[in-house]
Amino acid sequence: MADIARAWRTKEQVELIETVVPENPIRSAKRVDGELYVELLRYVPARPQPSDYETAAEYEAALDAWRRLWTDVEEVV
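Position one of the sequence shown corresponds to residue 1046 (our numbering), numbered consecutively onward.
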């Protein structure tokens, strides 16, 4: 019965969780030499469109920033 109580969530908690993280944010997890490595999904917005910017320089800057979102980031905590 204690396991059921720990797993139970209120409707508000479930809605908050659903709005904060994607459906399945964890892609993989493994432990190596006592360290836990977790690979998470990262949300990447739609590609910037030239029509959304006044100058080519602004568009190129936004496009470069968007491309950087696709780079792998490793964080050790």
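Mixed in with the good hints, there may be bad ones.
Unchecked claim - Here are the in silico distance ranges between beta carbons for each label pair: (1) Gln1094 <-> Thr1116: 20 to 26 Å; (2) Arg1113 <-> Arg1072: 16 to 22 Å; (3) Arg1113 <-> Pro1070: 46 to 52 Å; (4) Arg1113 <-> Gly1079: 30 to 36 Å; (5) Tyr1104 <-> Val1077: 22 to 28 Å.
In short, the hints are calculated from the structure, not lab data.
Computed from a predicted model, the values in this text were never measured in an experiment.
By construction, the Cβ of each residue, glycine as well, lies at the ideal position given by its N, Cα and C atoms.
Right, here's what the structure says about each hint:
no., hint, verdict
1, Gln1094 <-> Thr1116: 20 to 26 Å, "21 Å, holds"
2, Arg1113 <-> Arg1072: 16 to 22 Å, "20 Å, holds"
3, Arg1113 <-> Pro1070: 46 to 52 Å, "20 Å, violated"
4, Arg1113 <-> Gly1079: 30 to 36 Å, "32 Å, holds"
5, Tyr1104 <-> Val1077: 22 to 28 Å, "42 Å, violated"
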